[in-house]
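Sequence order for the protein chains is A, B, C and D. The opening residue of the first sequence carries number 1 in this note's numbering; numbering runs sequentially from there. The opening residue of the second sequence carries number 1 in this note's numbering; numbering runs sequentially from there. The opening residue of the third sequence carries number 1 in this note's numbering; numbering runs sequentially from there. The opening residue of the fourth sequence carries number 1 in this note's numbering; numbering runs sequentially from there.
Keep in mind the hints are simulated off the structure, nothing from the lab. Warning: the hint list may mix true and false statements.
Claimed, not checked - Simulated restraints, written as ranges between beta carbons of each label pair:
1) D/D43 to C/K140: 35 to 45 Å
2) B/L16 to D/A65: 20 to 30 Å
3) D/D43 to A/G50: 31 to 41 Å
4) B/D64 to D/K151: 17 to 27 Å
5) C/A138 to D/S75: 49 to 59 Å
Ideal placement from N, C-alpha and C gives every residue a C-beta, glycine not left out.
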Amino acid sequence: MIEVLYFAWVRERIGLPRERITTDAATVADLVAQLRDREERYAMAFADLGALRVAVDQELTDFDAPLKGVREVAFFPPMTGG
Amino acid sequence: MIEVLYFAWVRERIGLPRERITTDAATVADLVAQLRDREERYAMAFADLGALRVAVDQELTDFDAPLKGVREVAFFPPMTGG
Amino acid sequence: MAVRVQAEPFDLGAEAAAFAATLSAGRRDIGAVVTFTGVVRDDTGTLQAMEIEHYPGMTAPAIQAMVDQATARWSLADALVIHRYGPMQPGEVIMMVATAAGHRGDAFAAAEFLMDYLKSRAPFWKKEITEGGAHWVAAKDADEAALDRWKP
Amino acid sequence: MAVRVQAEPFDLGAEAAAFAATLSAGRRDIGAVVTFTGVVRDDTGTLQAMEIEHYPGMTAPAIQAMVDQATARWSLADALVIHRYGPMQPGEVIMMVATAAGHRGDAFAAAEFLMDYLKSRAPFWKKEITEGGAHWVAAKDADEAALDRWKP
Numbered sequence: 001m002i003e004v005l006y007f008a009w010v011r012e013r014i015g016l017p018r019e020r021i022t023t024d025a026a027t028v029a030d031l032v033a034q035l036r037d038r039e040e041r042y043a044m045a046f047a048d049l050g051a052l053r054v055a056v057d058q059e060l061t062d063f064d065a066p067l068k069g070v071r072e073v074a075f076f077p078p079m080t081g082g
Numbered sequence: 001m002i003e004v005l006y007f008a009w010v011r012e013r014i015g016l017p018r019e020r021i022t023t024d025a026a027t028v029a030d031l032v033a034q035l036r037d038r039e040e041r042y043a044m045a046f047a048d049l050g051a052l053r054v055a056v057d058q059e060l061t062d063f064d065a066p067l068k069g070v071r072e073v074a075f076f077p078p079m080t081g082g
Numbered sequence: 001m002a003v004r005v006q007a008e009p010f011d012l013g014a015e016a017a018a019f020a021a022t023l024s025a026g027r028r029d030i031g032a033v034v035t036f037t038g039v040v041r042d043d044t045g046t047l048q049a050m051e052i053e054h055y056p057g058m059t060a061p062a063i064q065a066m067v068d069q070a071t072a073r074w075s076l077a078d079a080l081v082i083h084r085y086g087p088m089q090p091g092e093v094i095m096m097v098a099t100a101a102g103h104r105g106d107a108f109a110a111a112e113f114l115m116d117y118l119k120s121r122a123p124f125w126k127k128e129i130t131e132g133g134a135h136w137v138a139a140k141d142a143d144e145a146a147l148d149r150w151k152p
Numbered sequence: 001m002a003v004r005v006q007a008e009p010f011d012l013g014a015e016a017a018a019f020a021a022t023l024s025a026g027r028r029d030i031g032a033v034v035t036f037t038g039v040v041r042d043d044t045g046t047l048q049a050m051e052i053e054h055y056p057g058m059t060a061p062a063i064q065a066m067v068d069q070a071t072a073r074w075s076l077a078d079a080l081v082i083h084r085y086g087p088m089q090p091g092e093v094i095m096m097v098a099t100a101a102g103h104r105g106d107a108f109a110a111a112e113f114l115m116d117y118l119k120s121r122a123p124f125w126k127k128e129i130t131e132g133g134a135h136w137v138a139a140k141d142a143d144e145a146a147l148d149r150w151k152p
């Protein structure tokens, strides 16, 4: 069971801020592929991975990061703080 | 008649902060040569021109600056503000 | 080395004074204090509000990691980062970085480094609300490129 | 664009707050405020006092010319320079630069430019008074070299 979080327009497109997902995905990319297959709103949110960033257990990482032992995955657009 | 000002250790070596000098010197360098010839304390203060800076009418300039029409010349070490 | 992530407005002058006060208490090796303050800008006069979303669990640790990097890289006596989230008005302070060091070079470099990283690596997202609607501010290529100068 | 040359101590927080207040009154094109504050440092614990001499007729106009150069070179909304002269104690504030701009790059660059020029081109001379006596602080090669980066 992984806690999946969405922020900014990813959250708005998917329509919820977080959800618990039971998955056998080996990597973040695998998880994204499973999410895309769920519903149109997920497919839309994950249409362009180049426009997305991912954090695994609250650390920025890449889409090929492994999910073994991971508790939390977050998807969001490039940050715009400061 | 030119108002000549001295700052920091130049002032201390010469022993006064300012004086009025009547001179026919054409350039700052000529004025320095005349001052050096005056007394030992001037010769000491102007021993190394590389260690000095000059302002003419309150603008930083070089030792070959002309003195025609000038009202004020100031001698001092490199600045250390900020 | 303090990091604060908060919704509440704060005052540049009060924070700068408090930062300087902790410095001047007891230590005499500080010659330079730099502050950067980010303000909600409204170039076109159409901005009604700015809203900043963040990632609560990640934000403060991510900023602390940036401060730790800055401390490892430059000779810093102290550093402070305050970043707000939630709704704010044009003219309001969004965030602030302060650095203190023996020499100005370290204080300036660390403050610019922290700003560049906060812009592109801290989990904040800005939304602009105008009469025409709301939109998420896009990341700028220039902000991403600014990180290059800090590569070892 | 204010320049103040004064003997009186001043407070970083109060000056930063006043600078920001004039900015936020009415204009909304400012996104970045940078301050630099110089403090009397005493690394060795032997400094009793610092004394700064200056060239009264030249100081303020020379600094104003630097501010004008900065304004011509970067897109600045406002700038402030305060520099003290006379005696001061370790830990006291010597001087301050503040810049305000639409974007952080302009505000940082103008503040660093002003600092580099103030260090080597404004007519101030520092004297350190220690138990062992008084001596004039020598100009640093590094401060002179710092000006090179601003050459066009």
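Checked hints:
1. D/D43 to C/K140: 35 to 45 Å: Because 41 Å falls inside the window, the suggested range holds.
2. B/L16 to D/A65: 20 to 30 Å: Taking Cβ atoms as reference, B/L16 and D/A65 lie about 28 Å apart, which means the hint holds.
3. D/D43 to A/G50: 31 to 41 Å: Cβ of D/D43 to Cβ of A/G50: about 50 Å, so the range 31 to 41 Å is violated.
4. B/D64 to D/K151: 17 to 27 Å: Holds, at about 22 Å.
5. C/A138 to D/S75: 49 to 59 Å: 22 Å, violated
Hint violations for this structure: numbers 3, 5, all remaining hints satisfied.
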